[in-house]
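Trainee: Letter 54 of the sequence shown, counting from 1, is numbered 54 in full-length UniProt numbering, and no numbers are missing.
It should be emphasised that the hints constitute simulated quantities derived from the structure, not laboratory data.
Each residue gets a CB set at the ideal place from its N, CA and C atoms; glycine is no exception.
There's no promise every hint is true.
As the list claims (entries may be wrong) - Listed next, with one range per pair, are the computed distances between beta-carbon atoms:
hint : residue 1 : residue 2 : range
1    : Ile100    : Tyr23     : 26 to 32 angstroms
2    : Asp53     : Leu115    : 32 to 38 angstroms
3    : His59     : Ala30     : 20 to 26 angstroms
4    : Arg37     : Gly93     : 28 to 34 angstroms
5    : Ala102    : Pro28     : 27 to 33 angstroms
6    : Ser75     : Ser123    : 30 to 36 angstroms
7    : Arg18     : Arg118    : 17 to 23 angstroms
8    : His80     : Ala102    : 30 to 36 angstroms
9    : Phe8      : Pro38     : 15 to 21 angstroms
10   : Asp121    : Ala10     : 17 to 23 angstroms
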Amino acid sequence: MDEAAARFDAFQDSPWCRYYQRYAKMHPDAQFILTLRPLEKWMNSMSNFGSTDVPIWQHVYGKRTFRGNEDHFKSLYNSHTKEAIEYFSGSPGRLLILDIEADPKVSARAVEAFLGLRPTDLSFPKVNVSRRSGVKWLLRGWF
């Protein structure tokens, strides 16, 4: 993972979200964006996405499937959120907490300000990723 991390400036989702502390220490000027949504909506999304065996999840979450492990994933969501906020609490300007259900234009402005970018008229697109089944196949090929 460190080789991949050295080649790029930004990462999102699994498995990167589980290693924020490692990369925060390695890159003390790095900034992090914690995206949140209501727990039940996250659980729904995980249920749609993780309806089958996802090998990378064993490495990232400790379980290969969501179904049958709902309590485990719920606990991970809550602990990850709490731990990430606590971890960056003494480092102002390193963590942006972003509600993914907020107005997309407001969120885009928040990200631009956080990263020190010039404001634009851009907005985040709303994409239903649960309909893009090709992503599941890609994840199965990682591990």
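Trainee: Hint by hint, say whether it matches the structure.
Mentor: Hint check:
1. Ile100 x Tyr23: 26 to 32 angstroms: violated, 21 angstroms
2. Asp53 x Leu115: 32 to 38 angstroms: Distance hint for Asp53, Leu115 holds at roughly 36 angstroms.
3. His59 x Ala30: 20 to 26 angstroms: holds, 22 angstroms
4. Arg37 x Gly93: 28 to 34 angstroms: violated, 24 angstroms
5. Ala102 x Pro28: 27 to 33 angstroms: holds, 29 angstroms
6. Ser75 x Ser123: 30 to 36 angstroms: holds, 34 angstroms
7. Arg18 x Arg118: 17 to 23 angstroms: violated, 32 angstroms
8. His80 x Ala102: 30 to 36 angstroms: Taking Cβ atoms as reference, His80 and Ala102 lie about 20 angstroms apart, which means the hint is violated.
9. Phe8 x Pro38: 15 to 21 angstroms: Taking Cβ atoms as reference, Phe8 and Pro38 lie about 30 angstroms apart, which means the hint is violated.
10. Asp121 x Ala10: 17 to 23 angstroms: Because 22 angstroms falls inside the window, the suggested range holds.
Hints 1, 4, 7, 8, 9 from the earlier list are contradicted by this structure; the remaining hints agree with it.
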